[in-house]
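*Asks:* Protein chains in written order, with my numbering: chain S, 354 to 868; chain U, 64 to 362; chain Y, 40 to 346.
Just so you know, the hints here were simulated from the structure itself, not pulled from any lab data.
Predicted model, so just to flag it, every value in this text is computed and none were measured.
Each hint should be verified, as a subset may be incorrect.
[Unchecked claim] Here are a few chain S residues that sit away from chain U, every Cβ distance over 10 Å (derived from the structure): (1) 489; (2) 549; (3) 675; (4) 706; (5) 855; (6) 865.
[What the hints assert, rightly or not] Each computed DSS-like pair below joins lysine-lysine, with the alpha-carbon atoms no more than 30 Å apart: (7) 232/Y / 258/Y; (8) 119/U / 203/U; (9) 88/Y / 810/S; (10) 562/S / 547/S; (11) 203/U / 309/Y; (12) 562/S / 119/U; (13) 253/U / 258/Y; (14) 88/Y / 203/U; (15) 445/S / 203/U; (16) 232/Y / 149/Y; (17) 733/S / 547/S; (18) 88/Y / 106/Y; (19) 733/S / 795/S; (20) 130/U / 445/S; (21) 289/U / 733/S; (22) 349/U / 149/Y; (23) 445/S / 289/U; (24) 629/S / 338/Y; (25) 733/S / 130/U; (26) 201/Y / 187/Y; (27) 253/U / 232/Y; (28) 810/S / 187/Y.
[Said to hold, decoys possible] Partner residues aside, some chain S positions facing chain U, computed with beta carbon under 7 Å: (29) 417; (30) 461; (31) 462; (32) 613; (33) 646.
C-beta: ideal position from N, C-alpha, C; glycine also.
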Amino acid sequence: MKLTKRLLVFAMVAIMAFGAFACKAAEPATTAPAVSGDSAAAPAAEEPKAIEKVVYAYATFNNIPTEETLTTVEEAINAITRDKIGVEVELKPIVIWDYSSTVSLALQGGEQIDVFQSLGDLSTAISTDMCLDITDIIDTCAPESKALIGENWLAACTSGGRLYGLPTFKPIALTQMVVYRQDIADELGIDMSKVNSVSDVTAVLEQVKAAYPDMTPVAAVNQGNLGLSPQNVDYLTDSMYAPKGVLMGDELTVVDYFASPEFANICNLARDWYTKGLVMKDAATTSSTAAELMASGNYFCYIASYSYPEADTAASLEAQCGGFDLGAKTIGSAFLDTSSINALTWMVSSTSEAPEAALKFLNLTFTDPDVTNLIIYGLKDRDYVLSDDGFMSYPEGQDATTVPYTSQLSCGTLGNFFIMYPMAGTNVESLAWELEQNQSAKTSVAMGFTFDNSAVKTEYTAVTNVIEQYLYGLVCGSVDPTTEIPVFLERLADAGMGTIIAEKQAQLDAWAAGK
Amino acid sequence: MKRHSRDDGASFRLGSTIILSVLAFLILLPVVLVVISSITDENVLISSGYTYFPSKLSLDSYYYMIKQSEMILRAYGVTITVTCVGTIISVLITTMLAYPMSRPTFRYRNMLAFFVFFTMLFNGGIVASYIMWSRVFQIKDTIWALIVPNYLVTAFNVFLVRNYYVTSVPLSIIESAQIDGASELRIFFKIMLPLAIPSVATISLFTGLIYWNDWINGLYYLTDAKLYGIQNLLIRIMNNIQFLKVSSNVSLLGTMSVDLPGTSVRMAMAVIGILPIVIIYPFVQKHFIKGVVLGAVKG
Amino acid sequence: MTKKKKKQQRASSAPLLLIAAPGILYLLINNYVPMFGVFLAFKDFNYRKGIFGSDWNGLDNFRFLFKTHDAWVMTRNTLLYNLAFIIIGTVAAIFVAVLMYELGQRSRVKFFQSIMLLPNLLSWVVIGFIVYAFLNADTGFINNTVLKALHIEPISWYSTTKPWPFILIVTYLWKYVGVNSIIYMASISGIDKGIFEAAQLDGATKMQQIFRITLPMLKPTIIILTLMAIGRIFYSDFGLFYQVPQQSGRLFEVTQTIDTYVYHGLMELKDIGMSAAAALYQSVVGFLLVLGANALVRKVDRENALF
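Chain S with its partners taken away, still in its complex shape (with noise of 0.2 Å):
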């Protein structure tokens, strides 16, 4: 007992000397900005204009490059941003798998990173006040990118009227299309030109799977998504794979996905697939993606959503899909919400000692071919080389892998797509036609509404959880939904889906009236 006692009081001491101990040894932390700061501004003395320093953090999928090669790059950027805006900046690259988290750890710890990049967590960054309200100062920054991306886009990264930050500009009307063989198709003789929606595929895929029994008609985009997709659906902030209350329609109205007969439609189109064999039986659960399946030859068709128009995803995807003549047909039509928007958001961390150079250096990025090109791609003749006519291609006998430096993966995340040198075999005219489909896309009727969640946190843990649950299964078939939609949606009621709605309504009620 004396023993216990004694334990329990050196516990208690030990975790109170050293809780004391930690403000102390934290504190460096949250005063080294500030240092790093005074040694920027270290050389004001010799030049007129001081330089500042900013951190560029990005997302990339390729190999992470030294840090003397990075160097290389961050020179030739700061050549063009010191004239430019009187700014020099470090560039941070993070594997994306890991990226929200090693920025919000180097943010936690009193690191300096000033720009930074939402992954579909806007509102999460906003809340928590990760990132800079720019409302005021976006006018003397960053003009050129404001009248670039437009006041409706802009409002798309709002919250209470305040503006936080700058989405992505890049093709994001992301059209429902089908992506078949060619060839199988021709050779049955199947006219996809008549195939104009969902249910349309279900009569081409009976004619395949008679056709060639062995095979699979149907792949699955990735783990648990056929690619069913809903049409003119707003999932209100909320993952799309993890809806809770969303709008349907041109009204006000929060629902319940989950109940809505859309969803329903889409569970028994999946079981009648499924049950038909139609569709890969492991889709809720595969490690493969689409696109290694269809390089298989053993399935003939998949259905995802694209930005480009159908020639050119064909096209596009022939390499990685085992090289079959592909075609592609579009079944739905595009459809934009704010998370459709915002999802790729730049912001400029709240911890940012120099917010003005952040943002102006993150006005280059959507405006500044050269900053961009240097970002993406790297140096020229070394990283890759450019023809005459303006396409980008790796050196000879080098790619990807290979290069020193190189993020061209995340093309699609960084600033501004469309200034960027596009790829040898690219269709250039499907550029504009893409940046049209921006503009003509239909929206939502709450576009700039911007659902916050820290009301009703733990509802949400809750639901999302019976939706892990229940959610793969329904929409690759494999369980019947006749049985299982009720069971799901009493478990989701009974996690607090119906408080979620409520407080959704009432944001968005609120949101409506200030407009």
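Since the structure of chain S is provided, determine the placement of chains U and Y on it from the hints.
*Replies:* Frame of chain S; chains U and Y shown alone:
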């Protein structure tokens, strides 16, 4: 009687060999599948699944790796260095901490045991230790970043060694050394450390495995790819693939069609991650087995 | 306590403390000082205000762990799997260790041991792929080869809950039995050879030697490893429960553990305070259990208690 028990021993040896052979075979089966699928043609892998007798072999996945051989070799170098240095330092500090805890006469024995055990359960989370190591000790982008944080002393290893001292090293050895007038430091380094060889060998292996398999430290404390260990290279590709498996991430990236390495390359990466161990281990093992199987000299 | 012991106790503990000093210092720096991070569990984290400046929000961050119907399932799964791992894992590791020890021949030990350590070098992601290779419905090895040969209908493994406790335990054993057996091998080799020789002279069979000498001598090791495992009984091996079942929702009933629940639930929220709260909850429960178990051991067998 004596003869009987000797026969008993021989049949036991035979029985052990048979049972272990079966076990080893079963354990090896999945590993072999990894190796075979790394040399299976990608399309065969997708269409007919993983098999032990693929219809078409291909070395494409290894060509893919060879292209990056410079990076991989450097990463091997880093990992091997980190594993060796880390293990040596760790084993030394761990044993030094465990030994006093094993001495029944040591006044702070229980307090120390509790102090160590507490760390096994509670931690302040990654943010706090990140601030500690990166801001206070400034070890970012140094080789120490891969060695020092997290793994040098683990409560588990400390208790293993302490337990070994308590159960297997008679106190009489210490007492007689004390009577000879040896200092505590001398007793530890000259007598107790060598006596702990079986458990030192055990924790060396554990620690070595931890350092070899680690990528967390590299992820948090390295920005310079030059210092990447082999697991950091592999995990980047593996987890990017995992990232893309999550549908919401794909729709997020929208226009991008990312052509990432396929299944056979992933398997080749797994093979590359274990290959050096398979090559090096038999040499290390010679000493290791001597430690574990033969045990220490008894006093 | 004997007189002799008391006398020695008077001898200064300083030299021993000195020997332990590097380890103590390391734990202070690496583990104790960063413990200020637990504050996060009680904070509504805000980047601008930082860890210490953020507002307190009491126990709000803990609510999501209990206010769900899954609370019971995930707690039950976590506990039962850990119990199974403790019991079956220990038996299997000792079994292998004893067999290894009986091999005698060093070359054979070397051979078997190398093989048994291999799985430990594979990450859970890769192991997830291997399990999938065996079990997937369309092209899996079991369905396509084994069951076909036996003329059994293919089974949809990733939507059938029944076999999964077994699959997960086997996977766990496969990965860890080799490594865990080494601890026991070291302990067995620490046993005085003289004891075995004496027993042999008395005509004890090998079986008798194992049950009368080896196993009782392993008791302290078993106790200490079990106590340590109890401390982490509310934690689960995330990779095992996340990667191996391929996150299949149909299996959550038997695969959901506290760690996977927290991961799924916070994937979208990414709430720092809530994940800190989950970790603290797991630690505190483990801590209380271990204090209890340790007190029990202390009563029965003082020498073998952790502290």
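*Asks:* Each of the hints needs a verdict: does it hold here or not?
*Replies:* To see whether the hints hold, each was checked on the structure:
Once the 10 Å rule is applied to beta carbons, residue 489/S is consistent with being away from chain U; the minimum gap is 29 Å. The Cβ of residue 549/S sits about 22 Å from the closest Cβ of chain U, beyond the 10 Å cut-off, so the non-interface label holds. Interface exclusion of residue 675/S from chain U breaks down, the closest Cβ pair being 6 Å apart, not more than 10 Å. Even its closest Cβ contact with chain U, about 16 Å, leaves residue 706/S beyond 10 Å, as expected for a residue assigned away from the interface.
Distance check on residue 855/S: its Cβ is at least 24 Å (rounded) from any Cβ of chain U, clearing the 10 Å threshold; non-interface status holds. For residue 865/S, the condition that its CB be more than 10 Å from all CB atoms of chain U holds, with the nearest at approximately 26 Å. Taken as a hint, the residue 232/Y and residue 258/Y pair is honoured in the structure, with Cα atoms around 18 Å apart against an allowance of 30 Å. For a cut-off of 30 Å, the pair hint linking residue 119/U to residue 203/U is broken: about 46 Å separates their Cα positions.
About 21 Å separates the Cα atoms of residue 88/Y and residue 810/S, which keeps this hinted pair within 30 Å; it holds. Of the supplied pair hints, the one linking residue 562/S and residue 547/S holds, its CA atoms being roughly 19 Å apart against a limit of 30 Å. As the CA atoms of residue 203/U and residue 309/Y are separated by approximately 25 Å, the hinted pair is consistent with the 30 Å bound. As the CA atoms of residue 562/S and residue 119/U are separated by approximately 26 Å, the hinted pair is consistent with the 30 Å bound.
Only pairs whose Cα atoms come within 30 Å are accepted, and residue 253/U paired with residue 258/Y is accepted, the gap being roughly 29 Å. Distance restraint check for residue 88/Y and residue 203/U: the Cα-Cα separation of roughly 24 Å lies within the 30 Å cut-off, and the hinted pair is therefore satisfied. Among the hinted pairs, residue 445/S with residue 203/U is consistent with the structure: their alpha-carbon atoms are about 14 Å apart, no more than 30 Å. This hinted pair checks out: residue 232/Y and residue 149/Y have alpha carbons roughly 21 Å apart, not beyond 30 Å.
Proximity of residue 733/S to residue 547/S is assessed by CA-CA distance (about 46 Å); at most 30 Å being required, the pair is judged violated. A distance of roughly 29 Å separates the Cα atoms of residue 88/Y and residue 106/Y; the hinted pair therefore holds under the 30 Å criterion. For the hint pairing residue 733/S with residue 795/S, the CA-to-CA distance comes to about 39 Å; that exceeds 30 Å, so the pair is violated. This hinted pair checks out: residue 130/U and residue 445/S have alpha carbons roughly 25 Å apart, not beyond 30 Å.
At roughly 23 Å between alpha-carbon atoms, residue 289/U and residue 733/S fall within 30 Å of each other, so this suggested pair holds. Of the supplied pair hints, the one linking residue 349/U and residue 149/Y holds, its CA atoms being roughly 8 Å apart against a limit of 30 Å. The straight-line distance between the Cα atoms of residue 445/S and residue 289/U is roughly 15 Å, inside the 30 Å bound, and the hint therefore holds. Our distance criterion of 30 Å between C-alpha atoms is broken by residue 629/S and residue 338/Y, whose separation comes to about 65 Å.
Distance check on the hinted pair: residue 733/S and residue 130/U sit about 21 Å apart at the alpha-carbon level, within 30 Å; holds. Of the pairs offered as hints, the one joining residue 201/Y and residue 187/Y holds, with about 21 Å between alpha carbons and a cut-off of 30 Å not exceeded. For the proposed pair residue 253/U and residue 232/Y, the alpha carbon gap of about 23 Å is at most 30 Å, so the pair holds. With a CA separation close to 48 Å, the supplied pair residue 810/S and residue 187/Y exceeds the 30 Å bound.
Here the hint on residue 417/S is kept, as its CB sits about 4 Å from the closest CB of chain U, short of 7 Å. Annotation: residue 461/S was flagged as interfacial toward chain U, and the flag holds, the nearest CB pair being 5 Å apart, inside 7 Å. With a least beta-carbon distance of about 5 Å to chain U, the hint placing residue 462/S at the interface is held under the 7 Å criterion. Residue-level restraint check for residue 613/S is violated (minimum Cβ-Cβ distance to chain U is 19 Å; threshold 7 Å).
A hinted interface residue such as residue 646/S counts as satisfied when its beta carbon comes closer than 7 Å to some beta carbon of chain U; here the least separation is about 6 Å, so the hint holds.
When held up to the earlier numbered hints, the structure conflicts with 3, 8, 17, 19, 24, 28, 32 and fits the remainder.
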